[in-house]
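All chains should be built: construct the whole structure from the sequences, respecting the hints.
Those protein sequences? They're chains X and B, same order as listed.
Counting in this note's numbering, the first sequence runs from 957 upward without gaps.
Counting in this note's numbering, the second sequence runs from 3 upward without gaps.
Hints in this document: simulated from the structure, not taken from any laboratory.
Cβ atoms here follow ideal geometry from the backbone N, Cα and C, with glycine treated the same way.
Hints are all accurate, no fakes.
Computed far set for chain B versus chain X, every beta-carbon distance over 10 Å:
id : residue
1  : Lys21
2  : Ser22
3  : Phe66
4  : Ser67
5  : Ser70
6  : His75
7  : Asn81
8  : Gly86
9  : Ala89
Derived pair list, reagent style SDA-like, types lysine to any residue, alpha-carbon separation capped at 20 Å:
id : chain 1 : residue 1 : chain 2 : residue 2
10 : B       : Lys43     : X       : Ala965
11 : X       : Lys1054   : B       : Leu98
12 : B       : Lys46     : X       : Ser980
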Amino acid sequence: QQPVQSPQAVILREGEDAVINCSSSKALYSVHWYRQKHGEAPVFLMILLKGGEQKGHDKISASFNEKKQQSSLYLTASQLSYSGTYFCGTHNTGTASKLTFGTGTRLQVTL
Amino acid sequence: DTAVSQTPKYLVTQMGNDKSIKCEQNLGHDTMYWYKQDSKKFLKIMFSYNNKELIINETVPNRFSPKSPDKAHLNLHINSLELGDSAVYFCASSGLSYNSPLHFGNGTRLTVT
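Structure below.
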């Protein structure tokens, strides 16, 4: 069963912040985040391993709550280039060969 | 230098035909994948290969047959194409670890008429 993301879609004005959530019904070992622009392939953003760590680069960061089997992606001071569909991908323990992607969140940043 | 390349980019064919999609990676990765992205944009794993061996087969109809001649190549052959096979098919590769990101090819848009 694929992870569920929320919200399904969000529209922001440039400079606003957004949070995208990813929730799994299964125990997680790692969470990946990817962004896909229209007509292109998904592009890797970051990976979080179990341990509740938080990662970030520039104005995009993420957290991973292993106990709640959830991860959140934080986009601050959004830019037009942040527009796209965001996917979380999850590894369950013992299945490093299978990354299951979430339902996706469409993000649109406007002027 | 394209890291993961797949061909063709577009494929338009009629129901009942057989078609193949090819994928090659030059990243030295051990693991390669096929993912299907449907009209709702859901990305679903189809197959996963590790060093030429099939690891994951996600209850895909046996009309779909992947083949990995070596760890840098993973092809997908589809027999007796159906309308529901229309989608974008992505090849990807990664190292075999939880912290190894997936690198995707540019996708093949398959349209079955």
